[in-house]
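Asks: Here is how the chains run, residue by residue.
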Amino acid sequence: MPEVRIEHISKHYGDAPVLHDFSLTIHDGEFFTLLGPSGCGKTTLINLVAGLDHIDSGEIYFDERQVSTLSPKDRDVAMVFQSYALYPHKTVAENLAFPLRVNKQPKAKIESEVRRVSALLGLAGLLEKKPAEISGGERQRVALGRALIREPAVFLMDEPLSNLDAQLRVQTRAEIKQLHRTLKRTTIYVTHDQDEALSLSDRLAVMDRGEVIQVGTPEEIYRAPAHLTVAKFIGSPQMNMIPGRLMPGTPLQVDVGSTHIAVCSSELPEQSMEPEPREVIVGLRPEDIRVQQASKGQGARVLDIEHTGSRVWVDLVWGDHRVKALAAGDLSITRDQLVALDIDPTCLHLFDTRSGDRLP
Amino acid sequence: MRSGWQRSLLLPLCVTVVLSWSLLPIAWQVTTSLKPNAELLSLPPLFPSAPTTEHYRVLFEEQSFHQSLINSAVVSVLTTVAALVIGALAAFPLARLRIAGKGMFLGVVLAASMFPAIVTVGPLFVIIRALGLRDTWWALVISHTSFALPLTIWILTNFMRELPDDLYRAARVDGCTPWQAFIYIFVPLCRPGFAAAAILVFLFSWTEFLFALTFTATEASRTIPVAIVLFPGIHEIPWGEMAAASVIVTVPVFVLVALFHKHIVLGLTAGAVKG
Ligand SMILES: Nc1ncnc2c1ncn2[C@@H]1O[C@H](COP(=O)(O)OP(=O)(O)O)[C@@H](O)[C@H]1O
Ligand SMILES: [Mg+2]
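The listed protein sequences derive, respectively, from chains A and B.
Heads up: the first sequence runs through residues 2 to 361, numbered per the working numbering.
Heads up: the second sequence runs through residues 8 to 282, numbered per the working numbering.
Warning: the hint list may mix true and false statements.
[To be verified] The calculated lysine-lysine pairs, modelled on BS3-like cross-linking and capped at a C-alpha distance of 25 Å, are: (1) A/Lys91 / A/Lys131; (2) A/Lys110 / A/Lys130; (3) B/Lys109 / A/Lys91; (4) A/Lys131 / B/Lys269.
Rather than coming from a laboratory, the hints here were simulated on the basis of the structure.
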């Protein structure tokens, strides 16, 4: 189970650069996720790692082995495709057996491996069926099984769950996590679903337009998004973004038009010395704003109330801004009511308006 | 909207017209082949008063007819195999790989299939004579294959294009070389395409006349369409035997089309529905 090192890779399609000087290290045995919006180059990157496409420049290493010029079969990778890519003319058993058959394994071994993998994934009853005769969830398992059967060095998964319905997706997600815990293979997982990325990964890279914006554990990325793009992408509902000005002096405050919010000053030791106010974007996660009965504090008007089972989200007009916030557990509110907002100053995210970078 | 009676009348009418148009000559041949010699050139009777298999018997006693049947079968089968093998090998990269000028190449291939055979028969004759292949099966196999290839490539390329890209990628990741992906995945999945192309090529070669007439000289390589035309002796024209031979030649055509008409339609329209 190797460490995968991607070093200074570039890839163009025609004139359009997809990846430019892209570097990333995936640790041995790690579940690593590439998260990013559609079209940002995730599939391109994973195809390059698999050897399905040529790299324009740069290198890929599995440990010390340079694999950039090897064909897929010499890299010892397995891949699960978004479309599953099952062979329609082969039965489930034949699909599972195919990687072993191509690699000329003995018949007895193939049979026992097919039995092992189908038992592991609950496919035993389906072995004689064709892919067209089984459900979407079952196809997904077969695709997973076909990747598992060879015990490859590196697992690649390109949006393997995006064709499943919501319930099945959560269930299969848990199974994939369990499988990784058992097998401990280096896994690169591609998704555009932040929920999936946060719940599955040991570490993840947030990508945008062919570049890595931030690499870290799910907790690091959720707690301290390094850039506005990451902040917008991670967390659901989306983080509130409020333009404001960082005021000098102590206690440090941001001016968001109608009101001032205190900033936990320990977070910004240097900015406090700045003599001029500074344009910033204030990021506030809805779950970090508590809606409370108006008695004192910052007033806001309720626009809409959204129940999602365990939680109640509230859309508010707050000064010149619209924000989403979380209603405190036992609060009863109605539309157009005036409420107070309780903001924890340690949960504030500040970003430079021009560059989008997080202010430390 | 057309009213009911018009619709219910129009379709059967059209079908009847088309069917009569195409089937009457064949029916004519069948009745002729069953008429005794005395009734051959007279009308009435439209149908033989006493149907006879005499013409068929005479035909099969003739050694040269057996040889022509064998020639036709061998040439058609070899042509079909050659066209499919070469066609598939051309179609795979055309459908799968990113090659500059691919679209133009396919356009040229299609244009080539529109060429009237009469234009190429002269140059081909010179080539075949130079190769010393005159009056052999190979003269026909080569010329038929070259003529059938454009359609074969076109049909198979369209079929392979329909297969999702991910299938090829999956096969490569599962350990296939491009060649193994072709053999294990593409060939089996394109079976309907192969069937369609095979039937069309076989029928073309089986009924082809111009090349067969030009490149053959003796019974050694003469195919049936040519043999039938050369039946007439010096003193008489054996209409009965010619009709019987035509019927025999038509039988495999009928059988093939009846068995595989779905494939033929599918093969010709592949790619028309999606993208
Ligand atoms: N075969 C290709 N030819 C041309 N452009 C491509 C090709 N594959 C991908 N692209 C382009 O590269 C960019 C990244 O694509 P992709 O890696 O598939 O994104 P993602 O998987 O993150 O959605 C897209 O803008 C896409 O249009
Ligand atoms: Mg993709």
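Asks: The structure should be examined with respect to each hint, and the outcome stated for every one.
Replies: Hints, verified against the model:
Taken as a hint, the A/Lys91 and A/Lys131 pair is honoured in the structure, with Cα atoms around 6 Å apart against an allowance of 25 Å. The hinted pair formed by A/Lys110 and A/Lys130 meets the criterion: a straight-line CA distance of about 21 Å does not exceed 25 Å. For the hint pairing B/Lys109 with A/Lys91, the CA-to-CA distance comes to about 31 Å; that exceeds 25 Å, so the pair is violated. Among the hinted pairs, A/Lys131 with B/Lys269 is consistent with the structure: their alpha-carbon atoms are about 22 Å apart, no more than 25 Å.
Violated hint for the displayed structure: number 3, the only one.
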